[in-house]
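Peer 1: Generate coordinates for the entire structure from the input sequences, incorporating the hints supplied.
One line per chain: the protein sequences are A and B, in this order.
Anchor point for the first sequence: position 46 equals 46 in our numbering, and the numbering is continuous, going up by one each time.
Anchor point for the second sequence: position 13 equals 13 in our numbering, and the numbering is continuous, going up by one each time.
If you're looking for bench data, these hints aren't it; they were derived computationally from the structure.
Where hints are given, some of them may not hold.
As the list claims (entries may be wrong) - Computed Cβ-Cβ distance ranges for the label pairs, DEER-style:
no.: 1; chain 1: A; residue 1: K41; chain 2: B; residue 2: Q45; range: 17 to 27 Å
no.: 2; chain 1: A; residue 1: T16; chain 2: B; residue 2: A17; range: 49 to 59 Å
no.: 3; chain 1: B; residue 1: K68; chain 2: A; residue 2: L27; range: 25 to 35 Å
no.: 4; chain 1: A; residue 1: T5; chain 2: B; residue 2: T12; range: 26 to 36 Å
no.: 5; chain 1: A; residue 1: E67; chain 2: B; residue 2: E8; range: 36 to 46 Å
no.: 6; chain 1: A; residue 1: V12; chain 2: B; residue 2: K68; range: 38 to 48 Å
no.: 7; chain 1: B; residue 1: G9; chain 2: A; residue 2: N70; range: 12 to 22 Å
no.: 8; chain 1: A; residue 1: A39; chain 2: B; residue 2: N22; range: 17 to 27 Å
no.: 9; chain 1: A; residue 1: E52; chain 2: B; residue 2: G78; range: 42 to 52 Å
no.: 10; chain 1: A; residue 1: N58; chain 2: B; residue 2: T71; range: 23 to 33 Å
no.: 11; chain 1: A; residue 1: L51; chain 2: B; residue 2: A111; range: 41 to 51 Å
no.: 12; chain 1: A; residue 1: R54; chain 2: B; residue 2: T70; range: 35 to 45 Å
Unchecked claim - The following residues of chain B were derived to be distant from chain A, with all beta-carbon distances above 12 Å:
no.: 13; residue: M7
no.: 14; residue: A17
no.: 15; residue: V82
Just so it is clear, CB atoms sit at the ideal spot from N, CA and C, and this is done for glycine as well.
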Amino acid sequence: ETGVTQTPRHLVMGMTNKKSLKCEQHLGHNAMYWYKQSAKKPLELMFVYSLEERVENNSVPSRFSPECPNSSHLFLHLHTLQPEDSALYLCASSQNTQVVETQYFGPGTRLLVL
Amino acid sequence: GNSVTQMEGPVTLSEEAFLTINCTYTATGYPSLFWYVQYPGEGLQLLLKATKADDKGSNKGFEATYRKETTSFHLEKGSVQVSDSAVYFCALRSNDYKLSFGAGTTVTVRA
Chain A
1 ETGVTQTPRH
11 LVMGMTNKKS
21 LKCEQHLGHN
31 AMYWYKQSAK
41 KPLELMFVYS
51 LEERVENNSV
61 PSRFSPECPN
71 SSHLFLHLHT
81 LQPEDSALYL
91 CASSQNTQVV
101 ETQYFGPGTR
111 LLVL
Chain B
1 GNSVTQMEGP
11 VTLSEEAFLT
21 INCTYTATGY
31 PSLFWYVQYP
41 GEGLQLLLKA
51 TKADDKGSNK
61 GFEATYRKET
71 TSFHLEKGSV
81 QVSDSAVYFC
91 ALRSNDYKLS
101 FGAGTTVTVR
111 A
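Peer 2: The structure is reproduced here in structure tokens:
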């Protein structure tokens, strides 16, 4: 596979469940990102990892917990979510975090919290 | 802080029509500017980018010129096709890790 992949593509979970989203990039990049895309709102950056270290946490509630075990993989662990957390969660990667670098996005995980 | 304002949609066009989507920005420093496209059911794909003033990004018949004097990065295509139906996002990146996105413009092209 090439590019940025995300699994699962769709997820339905109850508020008491624990689940994880997975992102994998095959581009040899050193930076990875989680974004949230809600209906009628601009994309919101959630987390940034550079060389497996978290460099940005954009005021995200603790019920979202990221993990970056290596430069190719990024996880988003979910627990006790709320219905308003239903959204499309997009993973992205870039060569590094410099301003001119392009971010490449995965297809997203469509999450529904009941 | 950084912000991006793009024209609200939805925009509906006929095939072979001319498309313009306006985008203006506010940023500190020297931002890089991007247009991303999101086709139905998919993630975002980079359409084009420009990293300094007066640069022109182009791809798949789309063009946008980085205008520092008007802080704009308008997207244009001379002759759209049905396959161009998608949501288009203008974005910028300046001095930090974050891509700041506009709200997105939904474009529908009718045959």
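Peer 1: For a quick check of understanding: which of the numbered hints are violated here, in increasing order?
Peer 2: Violated hint: only 7; rest satisfied.
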